[in-house]
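**Q** For the protein sequence lines, the chains are A, B, C and D, in the order given.
Residues in the first sequence are numbered consecutively from 1, following the UniProt record's numbering.
Residues in the second sequence are numbered consecutively from 1, following the UniProt record's numbering.
Residues in the third sequence are numbered consecutively from 1, following the UniProt record's numbering.
Residues in the fourth sequence are numbered consecutively from 1, following the UniProt record's numbering.
Since the hints were derived computationally from the structure, they do not count as laboratory data.
A hint or two may mislead.
[As the list claims (entries may be wrong)] Simulated coverage check for chain B against chain D, where a stretch passes if three residues somewhere in it have a Cβ under 8 angstroms from a Cβ of chain D: (1) 19-26; (2) 56-62; (3) 67-79; (4) 87-96; (5) 106-112.
[As the list claims (entries may be wrong)] Take a look, some chain C residues computed to stay more than 10 angstroms from chain A by CB distance: (6) A16; (7) D31; (8) R124; (9) M176; (10) I296; (11) A319; (12) D342; (13) G356.
[Claimed, not checked] Capping the alpha-carbon separation at 20 angstroms, the derived lysine to aspartate or glutamate pairs in EDC-like fashion look like this: (14) C:K181 to A:D226; (15) D:K151 to D:E125; (16) C:K153 to C:D272; (17) C:K151 to A:D164; (18) B:K15 to B:D204; (19) D:K151 to B:D21; (20) C:K153 to A:E305; (21) D:K151 to B:E51.
A virtual CB, placed ideally from N, CA and C, is assigned to each residue, including glycine.
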Amino acid sequence: MSEVSLVQAVNLALKRAMAEDPRVIVLGEDVGVDGGVFRATEGLLALYGEERVLDTPLAEAAIAGVAIGLAAQGFRPVAEIQFTGFAYSCIDQMLNHASRLRTRTCGRLTCPMVLRSPGGGGIRAIEHHSESPEAIFAHIPGLKVVIPSSAARAYGLLLSAIRDPDPVIFLEPTRLYRVSRGEVADDGAGLPLERSFILRPGTDVTLVAWGAMIRETLAAAQQLADEGIEAEVIDVATLKPLDTATILDSVARTGRLVVVQEAPLTCGFGAEIAARVAGRGLMNLVAPIERVAGYDTVMPYARTETFYMPDTARIMAGVQRVMSYA
Amino acid sequence: MSEVSLVQAVNLALKRAMAEDPRVIVLGEDVGVDGGVFRATEGLLALYGEERVLDTPLAEAAIAGVAIGLAAQGFRPVAEIQFTGFAYSCIDQMLNHASRLRTRTCGRLTCPMVLRSPGGGGIRAIEHHSESPEAIFAHIPGLKVVIPSSAARAYGLLLSAIRDPDPVIFLEPTRLYRVSRGEVADDGAGLPLERSFILRPGTDVTLVAWGAMIRETLAAAQQLADEGIEAEVIDVATLKPLDTATILDSVARTGRLVVVQEAPLTCGFGAEIAARVAGRGLMNLVAPIERVAGYDTVMPYARTETFYMPDTARIMAGVQRVMSYA
Amino acid sequence: MTTVATFSIAFTRILAPSGELVAPLPAFAADPAELVALFRAMVLTRTFDAKAVALQRTGRLGTYASSLGQEAVAVGIGAAMRPADVLVPSFREHGAQLMRGVSAKELLLFWGGDERGNDFAGPREDFPVCVPVGSNAPHAVGVALAFRLRKEKRAVVCVVGDGATSKGDVAEALNMAGVWKVPAVFVVNNNGWAISVPLERQTAAVTLAQKAVAAGIPGEQVDGNDVIAVRSVLERVLARARDGGGPSLVEAVTYRLSDHTTADDARRYRDDAEVSRHWAEEPLVRLRTYLTQRGIWTKQDEETLLQECGRAVEEAASAYLATPPREPAAFFDHTFAALPADLAEQRAGMTAERRGEP
Amino acid sequence: MTTVATFSIAFTRILAPSGELVAPLPAFAADPAELVALFRAMVLTRTFDAKAVALQRTGRLGTYASSLGQEAVAVGIGAAMRPADVLVPSFREHGAQLMRGVSAKELLLFWGGDERGNDFAGPREDFPVCVPVGSNAPHAVGVALAFRLRKEKRAVVCVVGDGATSKGDVAEALNMAGVWKVPAVFVVNNNGWAISVPLERQTAAVTLAQKAVAAGIPGEQVDGNDVIAVRSVLERVLARARDGGGPSLVEAVTYRLSDHTTADDARRYRDDAEVSRHWAEEPLVRLRTYLTQRGIWTKQDEETLLQECGRAVEEAASAYLATPPREPAAFFDHTFAALPADLAEQRAGMTAERRGEP
Ligand SMILES: Cc1ncc(C[n+]2csc(CCOP(=O)(O)OP(=O)(O)O)c2C)c(N)n1
Ligand SMILES: Cc1ncc(C[n+]2csc(CCOP(=O)(O)OP(=O)(O)O)c2C)c(N)n1
Ligand SMILES: [Mg+2]
Ligand SMILES: [Mg+2]
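Based on the provided sequences and hints, a complete structural model is requested.
**A** Okay, here's the thing in structure tokens:
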């Protein structure tokens, strides 16, 4: 066991997956010689050669489409889109093809591919490099959507995503790439894709988040504890298919729900969580459901981006609001 | 006043808009000589000529992108995407450019364009012709999203969308194109884009829907009335920006909410409505919020599509469930 | 100014519209049976098309895209491909699909709105019809890349329309195919129209073969109404692809004699005169003329063939019409390899609701 | 087989790397002041680049894309365009932007993460930097179409990189520009690399000018390190565009001497030797050699110029650094022309929360 960063954990998972299964192919812009602009694919080319680690031309729709073709042929392509801001060009291929290849052929052709892409704000990047489009992908039937929030979960979830027989969108929070560090055994053990993780047990309020927001949320929970409020923190990790039971169970115990999301408020994944609890857990609620989210504005440029993204203070304010109900 | 179908109302609005403003340009596949595959643009070419009615090559991303360029130059392009199933290729242009041209230039360049597209199921079409992607667009800051459910609203809302100084996604339910008919004055009067319409007042339960689902929802309300249940039916019409007040106000009176959406359940626009009510109207609720929605599966082919889409029976079942709470 | 690169586009025609040979016959044509087989496949395709249109007109099939007048493209493809190759079609290649072993009943199921029509008993690796225009091109690159990686001597044929050549996906795919030298052949089924948009409004390019120039791959034109030429050109470029010689693009110049689909009325946007003119160039008549003149084909053969084709298509139609729709909840079952809890619940809910349970 | 179309790609170079003339000078060059102006603009661009990189290295600017070695492309564009034309840039055309009146301070604000850097006081209709590669190309078609519809004698210059030519948006835009004959000139700023991907892995095409062939529009190559040639070729195709002659594509062959951006380390993927080789061909030295040999330029001129440029850039940097960030809630204000109730509430909520109100 050694301590690695989240991006190193991604790298370890990729190496492990390529080692264990010759059908795993990595492709994307700058994934080869350069090892990826964030070094997520570093060393793969040296280990597995040009046949299995392909630098692609600059064409995101085709990267997704080629992966579909490879997957239909039984390969397990792991395609990297350099930033989620450029993954919008893949939506057509992912929605109109990847997600439905199995359905429309009654299982004759399948699409066991992973589309990896780093995103999210907070690294003072230039525009289009701070996107959080998870809800768009989560709305698409036939796709699974995973966002890790720690090195260990990045490792275990990515392995499972690659081994999954269906298409998985794997969104990596750049903000955590280097600052989130932890022990990773590199033992090839996957983590289940259909399960949420309770990162901190609590009795007073349920905080649900994913990706980079987990860090802020845990920090808020810590501060709340100092104020005598015990928050339970759930990392949904796999947005789709969602482990609703864990959330409902928590809310049944706490009676209060705050969802934290970096993406714009409207139609974000937080809305889905709120709607599920309002549907199946409503009678347990003692307070309105709070969503602490990015605003319905375009993510501002670097100089003011911190005002856009939920931070500990905003999460705490949200919790205070739900705690004000008896 | 004469009775016209929804698609004729769209046609009337386009003619009116072109007549009143020379900056209005219509472009898209088959919008010229053919008058659009649904005849929405019929007669425009004859009236306004090839300069203002442009048949485009088959390239949806560029149709959106060209509209952005025209809009930045002060034109008011109305681009047609032949079916929403092919509008996914436009998401990149709409999200990365149209929605943020104003923001990123501090208002120096703006994007007063409309992207029209027919969609939704129920016409026994071939695959990819039955899509309901409104939630994807509604998640994008800087875009407005409008879906009419009657001829009169199609006319008034489309005029307002074209006159709006910002980009509007205008999604037209093909299922209603011919069967939904009504009086349209063709007086050039627009309908406000930020307002929901109460189509039927009621006291027992609030039914919220949009687009083609309005028809089923009104039918359900009618049947419910026979059973003594008075349902209030709200057509949100403009999904973004949402008129939350009308919904909250209704729920405050009825205490019960059922949202009906044709799109897949997860992360659909119904989730947003549920989340808003769970946030600001929760204390008024006497029952869980029900969502009657498409399933999280790919829309099946024509032979079984009717089992996918919410129908009157499913809506009534949803209402029965919320009515079972005292 | 110096010239740094030059390109030229060749055009192949072997059998003129008159039925006259205008170039030497390819080797395969030495056997008259081969030519008869091509003719039979074209007649079967036309018969199938007519039946499908008739079924649609009587409300028993969904919107259908006929390949009337374009049979030589699909049949030339079907004849040139080997079973181990993979077809990544657009939606007007019924002839090629039939030749590859997709049954007429499966085709009707697909066009009738039943997913089982894509579960080909025959060519298990072939892609189903692709409706989003041009989006199939990158899949073909992926499949071809798979062949290259596995060092298999197989090739992919990907078909796109003239309209599709305007779509970014096609340009991206051609370029990637070029960089990776994958065994993929892109056939542009240029029927002159993309619904109501004629070629000259689709592109300023004088040929569609020259789309290959942008990708740095070979491109050429073939008379798409000359099935001998189509088969011959495709056999050549497919052989090159299988042998590691890389991708190519073949523009087959043909004409859409039918409406775009059964939902379309082409008289809204094109002259009858234009259509009539093209009837003189359609693919069946010229091959029939040639075969008849050579004494390879008789009126009697023709009648027998029409009867055979009619019978085969009628049988398929009956089998299709006799197939009940899938059990409604079936659409849940292939969403993922295994049904997640979430979906299992939705499926159970649907079944319960349909039974009238709360 | 008959040949149905032929194409050739021309290459223009006027000033060789040695400073030798290898072709007749264009008319504008008769006035030495014109050549000096080109040189000055290139030096200013290089000075700006160096300052921007320095600011980034010291944590006072965001990730920055230098145009080191590519100054002739941007300056040639800037010189050939008229004020009424519109520039739709990629992200490496600082030189062109400066010449068109975008201030160095505005550029720094943009790269420093401040939207106000795009609110050019100067060329109000020019597009800001475009980060999603290739996505600017359709905008250029739209702007050019606007000119055509209004019957204005104006043209658009759209710049994309070599990597961008693989992107579907660019192919779609070129094709549409061709169909509609809009006054748009697409410049492919071919610097040999797309981050770590060299041209030969980007495409099998031997030139990028031939991307024009697919669109049926004229395409040609120019030595992108020869500012005289770049200006001359662009003036010609821009004049044609303004006069209704339609679009064209010009591939400017240059080399990225810098890292891709300040976030990149090019030594990971390319040889120092390759870079050194290209230093011998960079655009400033050859024009300086020519001007000096002709007695148009002296050491003293050079020193004065360097001082002037340094001063201008320092002043801009100071003005940039002295600009406080926007009021946080400002990002709400340009989302729409008018703030919807929804957003007004979010804005109020943000302001209240920042004041510590519940
Ligand atoms: C991406 C996309 N856009 C639009 C459509 C609607 N549509 C179906 S076929 C067609 C024209 C296709 O023309 P072409 O590629 O020439 O093929 P053809 O129909 O002539 O065989 C259009 C616009 C579609 N299916 N896909
Ligand atoms: C659509 C898209 N994909 C990926 C990126 C990330 N990226 C930024 S620049 C670049 C390479 C661009 O190469 P080229 O077009 O040659 O321009 P250059 O940087 O060499 O000027 C990449 C991959 C992007 N900005 N946009
Ligand atoms: Mg066609
Ligand atoms: Mg480059």
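**Q** All the hints need checking, so say for each whether the structure fits it.
**A** Status of each hint after checking the structure:
1. Counting residues of the stretch 19-26 of chain B whose beta carbon lies closer than 8 angstroms to any beta carbon of chain D gives 1, which falls short of the minimum of three for the stated coverage.
2. Counting residues of the stretch 56-62 of chain B whose C-beta lies closer than 8 angstroms to any C-beta of chain D gives 5; at least three are required, and the coverage claim holds.
3. Here the stretch 67-79 of chain B counts 10 residues with a CB under 8 angstroms from a CB of chain D, which clears the bar of 3, and the coverage holds.
4. Counting residues of the stretch 87-96 of chain B whose CB lies closer than 8 angstroms to any CB of chain D gives 3, so the stated coverage by that chain holds, three being the minimum.
5. With a cut-off of 8 angstroms between beta carbons, the stretch 106-112 of chain B has 5 residues touching chain D; three or more are needed, and the interface restraint holds.
6. The Cβ of C:A16 lies farther than 10 angstroms from every Cβ of chain A, with a closest approach of about 38 angstroms, so its non-interface assignment holds.
7. Against chain A, the non-interface label of C:D31 holds: every CB pair exceeds 10 angstroms, the least being about 34 angstroms.
8. Not every Cβ of chain A is farther than 10 angstroms from the Cβ of C:R124; the closest lies at roughly 6 angstroms, contradicting the non-interface assignment.
9. With a closest Cβ-Cβ approach of about 5 angstroms to chain A, C:M176 is found to fall inside the 10 angstroms limit, against its non-interface label.
10. Every CB of chain A lies more than 10 angstroms from the CB of C:I296, the least distance being 39 angstroms, so the non-interface label holds.
11. No beta-carbon of chain A is positioned within 10 angstroms of the beta-carbon of C:A319; the least distance is around 17 angstroms.
12. With 10 angstroms as the threshold on Cβ separation, the claim that C:D342 sits away from chain A is violated: the shortest Cβ distance comes to roughly 4 angstroms.
13. For C:G356, the condition that its CB be more than 10 angstroms from all CB atoms of chain A holds, with the nearest at approximately 21 angstroms.
14. This hinted pair does not check out: C:K181 and A:D226 have alpha carbons roughly 63 angstroms apart, beyond 20 angstroms.
15. This hinted pair checks out: D:K151 and D:E125 have alpha carbons roughly 17 angstroms apart, not beyond 20 angstroms.
16. Between C:K153 and C:D272 the CA atoms are separated by roughly 46 angstroms; this puts the pair beyond 20 angstroms, and the hint is violated.
17. For the hint linking C:K151 to A:D164, the alpha-carbon distance of about 26 angstroms lies beyond 20 angstroms, and the restraint is violated.
18. With a C-alpha separation of about 42 angstroms, the suggested pairing of B:K15 with B:D204 is violated against the 20 angstroms cut-off.
19. For the suggested pair D:K151 and B:D21, the alpha carbons sit about 18 angstroms apart, so the restraint of at most 20 angstroms is met.
20. Proximity of C:K153 to A:E305 is assessed by CA-CA distance (about 53 angstroms); at most 20 angstroms being required, the pair is judged violated.
21. For a cut-off of 20 angstroms, the pair hint linking D:K151 to B:E51 stands: about 11 angstroms separates their Cα positions.
Hint violations for this structure: numbers 1, 8, 9, 12, 14, 16, 17, 18 and 20, all remaining hints satisfied.
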